[in-house]
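Visitor: Keeping the supplied structure of chain A fixed, place chain B upon it in accordance with the hints.
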Amino acid sequence: MPITYTSGEQVEVYRFSIPVTVGVPFAAVWLQSFLSLHFPFFKMFDLPLLVTIFFSMARRNPISGLLTGGAIGLFQDALTHLPLGVYGIAKTLVGYGASSLGAKLDVENAGARFLVTIIFYVGHEIVYFTVARGLVGLSLAWSWPHELLSGVANAVVGVFLYFALDRLKQRT
Amino acid sequence: MESVLSRYKNLITLVVILFAQVLGLAIQVKRSSESESNRLIRIWAVSAVTPFEKGINWVQNGSWNLWHNYFYLRGVRAENRALRAEIEQLRLEQARLGDDAAQARRLQALLAFKEQYIQKTVAAQVIGTSGSEQSRSVFIDKGKHDRIEPNMAVITADGIVGKVLTVFPSTSQVLLLNDQSSGAGGILEKSRLQGIVKGTSSGQVELEYVMSDEQVQVGDKILTSGGDGIFPKGLPIGTVIRVSPGHELFLNIRIQPAANLAKLEEVLVVTEVVSREPSVAEGSSARAVDVLAQRLPSVPDKPAQDATTKATTPDSTKPATPGSPPPAAGTKPAVKPNSTKPDAEGAVPRIAETSAPALDSTTSATKPATPKAATVKSATPNSGLSPLEAKPAAPTKLKPAAPAVPKTTPLSQEAPQQ
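Order-wise, the sequence lines are chains A and B. Its first residue numbered 1, the first sequence is counted upward by one per residue in this note's numbering. Its first residue numbered 1, the second sequence is counted upward by one per residue in this note's numbering.
One or more of the hints may lead you astray.
Residues from chain B that face chain A, not an exhaustive set, calculated with beta carbons under 10 Å [unchecked claim]:
hint: 1; residue: VAL29
hint: 2; residue: PHE139
hint: 3; residue: LEU175
When the alpha-carbon atoms are kept at most 20 Å apart in a straight line, the in silico SDA-like pairs for lysine to any residue are as follows [what the hints assert, rightly or not]:
hint: 4; chain 1: B; residue 1: LYS30; chain 2: B; residue 2: ALA20
hint: 5; chain 1: B; residue 1: LYS144; chain 2: B; residue 2: GLN217
hint: 6; chain 1: B; residue 1: LYS144; chain 2: B; residue 2: TRP44
hint: 7; chain 1: B; residue 1: LYS30; chain 2: A; residue 2: LEU138
hint: 8; chain 1: B; residue 1: LYS54; chain 2: B; residue 2: LYS144
hint: 9; chain 1: B; residue 1: LYS190; chain 2: B; residue 2: PHE250
hint: 10; chain 1: B; residue 1: LYS190; chain 2: B; residue 2: GLU214
hint: 11; chain 1: B; residue 1: LYS263; chain 2: A; residue 2: MET44
hint: 12; chain 1: B; residue 1: LYS30; chain 2: A; residue 2: LYS104
hint: 13; chain 1: B; residue 1: LYS30; chain 2: A; residue 2: ARG133
hint: 14; chain 1: B; residue 1: LYS263; chain 2: A; residue 2: LEU35
hint: 15; chain 1: B; residue 1: LYS144; chain 2: B; residue 2: VAL167
hint: 16; chain 1: B; residue 1: LYS144; chain 2: A; residue 2: HIS81
hint: 17; chain 1: B; residue 1: LYS54; chain 2: A; residue 2: GLY23
hint: 18; chain 1: B; residue 1: LYS30; chain 2: A; residue 2: THR130
hint: 19; chain 1: A; residue 1: LYS104; chain 2: B; residue 2: LYS9
hint: 20; chain 1: B; residue 1: LYS54; chain 2: A; residue 2: PHE129
hint: 21; chain 1: B; residue 1: LYS190; chain 2: B; residue 2: ALA101
hint: 22; chain 1: B; residue 1: LYS54; chain 2: B; residue 2: GLU265
hint: 23; chain 1: A; residue 1: LYS104; chain 2: B; residue 2: TYR8
Think of the hints as simulated: they come from the structure by calculation, not from any bench. Where a beta carbon is used, it is the ideal one built from N, C-alpha and C, also for glycine.
Chain A on its own, in the form it takes in the complex (with noise of 0.2 Å):
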């Protein structure tokens, strides 16, 4: 079974170094305004969000879900000339369900965190389509294909990710 059910004593949760807690978000940030410019397809990916989705799941706690995800997203917006918010609301919602769904399931192996990045993602970019239309009053076109074939990339990239991440990991 990819996704177990367990108690919350039985989940392990993990901490993290301040600088990896610094460090591994900005970078992420960092390297998705930077590839976006050499390789444009990059565009697809959102790495802060596979970033935000890692974190989130590791702590298993969800205010520090939902403020990882609110601190990466409002980062990211900063970056942009949209209203500050925009990634921050969306990330904030996505970090409070990764953390949700940590402390209930193990996703510690390929295939949850596959499957539940693909989820997160998509969910990630229907909130993000909402704000942006009804809040900003951005003219954005919903492609489900578009959307979905995102989403199965961006859980590729983070199945490897997630594993490269894990050795940062520290066991409380």
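Guide: Leaving out everything else, chain B in the frame of chain A:
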């Protein structure tokens, strides 16, 4: 109460954080300008990210230069030969265009047409993007310290790129033409129909507000109209790639941008634009040597008149081509080979050299007689101009223009040779 709070602590925190963000977003959307706190967040974020991008860019350029300057010299000689041949071709082309430009200038002067010239540009490297599909903007490595200001036009040699949106101390954010919040005044080159060039949510570029009963062809070029007050008139925007009936009474015109917006490396920020009205007088100062030549007693009257007649016809002022017949013996041609050289102003590109000296000095210095105008004057013996009056610009003015306009021999230097 306490138990409720502790039980729903997570949910309450989520609602509070979301509410704060939604409120902040609503305030930002309502306000047209950014608040100080928002601006600070952006400054911090950009200041944290861009130094790394600048550093990598510097290393990248350094290693490329090392490779290019020291190791990749094979074939340079052959390339040099090919480039020389190309220069020769371009000179012929330049001569032809110079003639057309002179004619256009006279017509513009007749219409009292004011044209904007790009006087000063700053070259900048593109160092990063917003990283988002919904915000099509890039960061450049020039900012307030380099006198970049918001709403300055950003271009490449191929065409326009966008405008400066936000300026930070050493970087700036440039809103690309294909972002849905950008816009530029556009005009179709052939039909002179005007519209507004805008980006779409999918990153395409469209020309809007062209009536559906107008004729627009695929392949038509679109230039800036200058009506937006940001982009100088006449810069390439792109080419029409699709025309279809749009909503209401307008056509849906899809454009392929002239500049490759997906792969920008270096751009020019237009920091100074001058408006000036071209005048015939500035390009028509007769050469002293021509005036003198017309007054020489050895020149027979009749052929001179013929030459005068010829000089007023457009064909007579065309540059000498290798196959053109030589002028009749004993008759001083009204248009000498040198006088048919391209006018310096015509040869100066509309986009001045990067961080070059002011175009004013360039144009005034390299602006000898317009071929046709000079010919007309020189072919009129009773024009009343003394050689002194007809003297061209002083040689001291020629200095700054020399590198900008190759092969444009100043008239004051030609005179002694003849």
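Visitor: Confirm or reject each hint.
Guide: Comparing the hints with the structure gives:
| no. | hint | in the structure |
| --- | --- | --- |
| 1 | VAL29 | 6 Å, holds |
| 2 | PHE139 | 8 Å, holds |
| 3 | LEU175 | 6 Å, holds |
| 4 | B:LYS30 / B:ALA20 | 15 Å, holds |
| 5 | B:LYS144 / B:GLN217 | 42 Å, violated |
| 6 | B:LYS144 / B:TRP44 | 16 Å, holds |
| 7 | B:LYS30 / A:LEU138 | 14 Å, holds |
| 8 | B:LYS54 / B:LYS144 | 16 Å, holds |
| 9 | B:LYS190 / B:PHE250 | 19 Å, holds |
| 10 | B:LYS190 / B:GLU214 | 12 Å, holds |
| 11 | B:LYS263 / A:MET44 | 16 Å, holds |
| 12 | B:LYS30 / A:LYS104 | 41 Å, violated |
| 13 | B:LYS30 / A:ARG133 | 15 Å, holds |
| 14 | B:LYS263 / A:LEU35 | 12 Å, holds |
| 15 | B:LYS144 / B:VAL167 | 6 Å, holds |
| 16 | B:LYS144 / A:HIS81 | 18 Å, holds |
| 17 | B:LYS54 / A:GLY23 | 18 Å, holds |
| 18 | B:LYS30 / A:THR130 | 18 Å, holds |
| 19 | A:LYS104 / B:LYS9 | 17 Å, holds |
| 20 | B:LYS54 / A:PHE129 | 32 Å, violated |
| 21 | B:LYS190 / B:ALA101 | 18 Å, holds |
| 22 | B:LYS54 / B:GLU265 | 12 Å, holds |
| 23 | A:LYS104 / B:TYR8 | 17 Å, holds |
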